[in-house]
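K.L.:
The opening residue of the sequence shown carries number 723 in my numbering; numbering runs sequentially from there.
In short, the hints are calculated from the structure, not lab data.
It cannot be assumed that every hint is accurate.
Unchecked claim - Computed list of lysine-lysine pairs in DSS-like fashion (alpha-carbon distance at most 30 angstroms, straight line): (1) Lys1024 to Lys937; (2) Lys1070 to Lys985; (3) Lys937 to Lys1070; (4) Lys1024 to Lys1066; (5) Lys1066 to Lys937; (6) Lys985 to Lys825; (7) Lys1024 to Lys825; (8) Lys985 to Lys1024; (9) Lys937 to Lys985.
On a predicted model such as this, the values are computed, not experimentally measured, just so you know.
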Amino acid sequence: MLHQVRGVVAREVGAPVEVLDVLVPDPGPGEALVAVQACGVCHTDLHYREGGIGEDFPYLLGHEAAGVVEAVGEGVTEVAPGDFVVLNWRAVCGQCRACRRGKAQYCFDTHNARQPMTLADGTPLSPALGIGAFAEKTLVAAGQCTKVDAGADPAVAGLLGCGVMAGIGAAVNTAPVRRGDTVAVIGCGGVGSAAIVGAELAGARRIIAVDLDTKKLDWAEAFGATHLVNARHADPVEAVRELTGGFGADVVIDAVGRPETFKQAFYARDLAGTVVLVGVPTPEMTLDLPLIDVFARGGAVKSSWYGDCLPGRDFPELVELSQQGRIDLGAFVTERIALDEVEKSFEKMHRGEVLRSVVVL
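Use the sequences and the hints to build the structure in full.
P.N.:
Printed below as a string of structure tokens:
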């Protein structure tokens, strides 16, 4: 059986997205059909539209989603119809060398649903990050579904599917920030603000937010930053050093992902400190660093893939912390919009007006 739903589709590079009829099949073996309740508008969706991730147009956009499982295919035991779930884009295999070593967060053979979703004329769609959740229903691998407390707000819980988890995880899992650490975060959009939340949760004593935009610095302060650096008016490296007794921060998180911000992060850390790259570079970017500086400064330089998260462990825990009021995930939701407002939300994102627009279905 095919389910006809409305979905947001990017037909070609740079063209405005369209709300079109999408055909979603019943789940096959290992798959789950999910009725989407909410999906955040992430910068990654814009990257897809602009051709910055691949060329497999048309794309069914959307991936920061929560909803209810409607049906499951043969052999599925992880979830059942009626479960409230957050979707993730890293369904692990359980068999590769990373999984066998107990490091499933680095799984080298993640997978998605095998059956394609299509346009009404049969044209196969490429779902963003294997999810495609700017749609009333979507088909995913069952392992992409993580059951969480059904009392959670879907618009809030769904954000754990990408940006918020990436930022919190960069601080808590990848670095990891320890109690009493000094932390600097470069770039205070959604991911950077989430890294600030993670640093505070981990017990950092000083959290320095760095950005060019005063509005984003205001967001950072609301999320727990103790010091603010406007990089339009001060050198970020010198400012971080001045705020850390001349030494540099124990952990510096680059949530932008550009060569210049990575260099700032590299030189703003203390000797033997840690740099975490969680902002996603584009393929043409290159980095030029004196190798002697890499050697002489010691410490660690790490990349954070999806906040090095384990969805089955991290999603329920963060939802519970949010419900207890210990972290304010709801503050990431700037506005709630309809499917046909996604293109406008991209424009707001460009202008830095929103942390997250969230499509509510």
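K.L.:
Would you pick out the hints that fail for this structure and give their numbers low to high?
P.N.:
4
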